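Undergrad: Can you build the whole structure from these sequences, using the hints too?
Chains as they are written, first to last, in this note's numbering: chain D, 24 to 342; chain Y, 24 to 342.
Rather than coming from a laboratory, the hints here were simulated on the basis of the structure. Owing to the predicted nature of the structure, the values given are computational and were not obtained by experimental measurement. You can trust all of the hints, since none of them are fake.
Repeated chains share a single entry, so a pair holds when one copy, or any two copies, can fit it.
Here are the simulated EDC-like cross-link-like pairs (lysine to aspartate or glutamate), alpha carbons at most 20 Å apart as the crow flies:
hint, residue 1, residue 2
1, Lys158, Glu259
2, Lys295, Glu259
3, Lys295, Asp211
4, Lys295, Glu284
Protein chains: 2
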Amino acid sequence: MRKIGWDAEDAALQAEIMTAAELCGNNQGLVKMYNPSLMAPSPGAAKPTIERETPTSAVVNANQSPGMLAAVNAADLALQKLRSQDGPIAIVTAYNTSTSSGQLAFYCERMARQGAIGIALANSPEFVAAAPGGKPIFGTNPVAFGIPQAAGPPLTFDMATSAIALFGVLTSKAKGEPLPEGVAYGRDGGFTTDASEALEGGAIATFGGHKGAGLSLCVELLAGVLSGGAVVGQCESKKLAKSWGHTMIAIQPDLLVDGFEAKAAAVLAATKASGPSIRLPGESSARTAAERTAADALPIPKQIWESICRTAEHGLPEQ
Amino acid sequence: MRKIGWDAEDAALQAEIMTAAELCGNNQGLVKMYNPSLMAPSPGAAKPTIERETPTSAVVNANQSPGMLAAVNAADLALQKLRSQDGPIAIVTAYNTSTSSGQLAFYCERMARQGAIGIALANSPEFVAAAPGGKPIFGTNPVAFGIPQAAGPPLTFDMATSAIALFGVLTSKAKGEPLPEGVAYGRDGGFTTDASEALEGGAIATFGGHKGAGLSLCVELLAGVLSGGAVVGQCESKKLAKSWGHTMIAIQPDLLVDGFEAKAAAVLAATKASGPSIRLPGESSARTAAERTAADALPIPKQIWESICRTAEHGLPEQ
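TA: Next comes the structure, spelled out in structure tokens:
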């Protein structure tokens, strides 16, 4: 990370966030270093600054620093706003970032580990169509929740509102494998399992039919428009505009209800016990992380490891 | 409504909310009067009261008044909290209600018509399983958004996190028609199209696979636990506990970004223009409402109309 232009602090933070994702098998991990130029600082990038503060809110101008840095800033600031007021809710947005924010669960878990409910939304460049036959307009527009609970680490739930994450499509393309059925549209607007076609002239689908499309639109409005990030209808290309938008909401449960964490734990236990095949969000990530920690080894695809080593030695490839 | 025990004010409000839903073809409309005893006041019910206020929050104890009344109170209070502080966000919860809140879009639109982004979540009695083979534990747990925008009335998006609304299942059962594929589980935990089996020994499914299930769980935690409403693991039966939980969040966009409503309108226009089959949330409801208004007629199923007339004349049936 330092070799591509980040200072020690920002490099460490980005490495921490990507490694945390990689540890639990999330697709927002070290794969980001496969094309390191996408992760390099924009020309003229500066550290994030705070704009428009109120006792319960702030707007973070990322000043073209990476989305991960902006998102950590926004999450930490949301917690700080929560602690320095008399009420139980705060909102912080971020915009003008140079890269995506990676795994939103990271920021929600960070808030929840300090006792706050964390909600995070992000919009992103146009890869997802609102319906069959539509041009790509939404990003994979993820939503995540971090919920403190008494019986263990916070529950984190992090989902793209698209039927498949962009990195899922890129992975299929790289491996030459077909996509699952029903997750992407081809050039003619019908479903395709060809990752290349989905990326060039086609689009990713939203999950869950019109409900997923509605949620994706709401994320575009709440994380894109509300943050001041780039959105369709306001710029020619979100990809070129480089301004991922984030909205973080932190809620302190104590001022609303007694014993939130114990009751949340009871709901999770009852949910888990409600059937033989019930898996709580985060369960398989936690298992993967535990296995990798126990093995003291992180399996990294050869091409990505080679890219990381090459970048560490030589920096960015010549243009 | 007065004949089953509500005072003039509460009767008028509940009638307004149900008729608004009926006008736009929403399944949370006058069908609620098919079984009027479910809509009658609980013994000892009182008007909602406010508990635990802060400058940015409140908790509404519905005192066993109906969910619709509690939800209107919570939405209006969220707006009031928004107006009387220096920041852009407020949260109000409600619990201890005697009935469901009906159509959440009503409350979000109410907030958005006054320039605020409205977000509403509600938990409800156990009809929905978290995965195939699971017992019903979640409610249909809806989420709704109201977004003010410059080019017309607010965008409202209101979705159950279940694959089908409870009233959809009840309607199938009443008509003797099969359910759509993939929306409900039978007694053996596999999918069924038999509405009776889904209601007795089976369960409704969540929408969108594990993502919908995760969202439903988050609504249970954010609208059920956070509000103090009845939740699994904390009571034997949510149905008997009669305490639907609501969480309303109101956000004033001006303090975060300039020109929110115009930018939101641009996103909606770009989304609509992105393909031939794109329908924005609320478009078909608005068309239905316009047609019914133009015809000056509200089509009401005969059995429901007869129930309304019978109730207006004789009150509740003898037990």
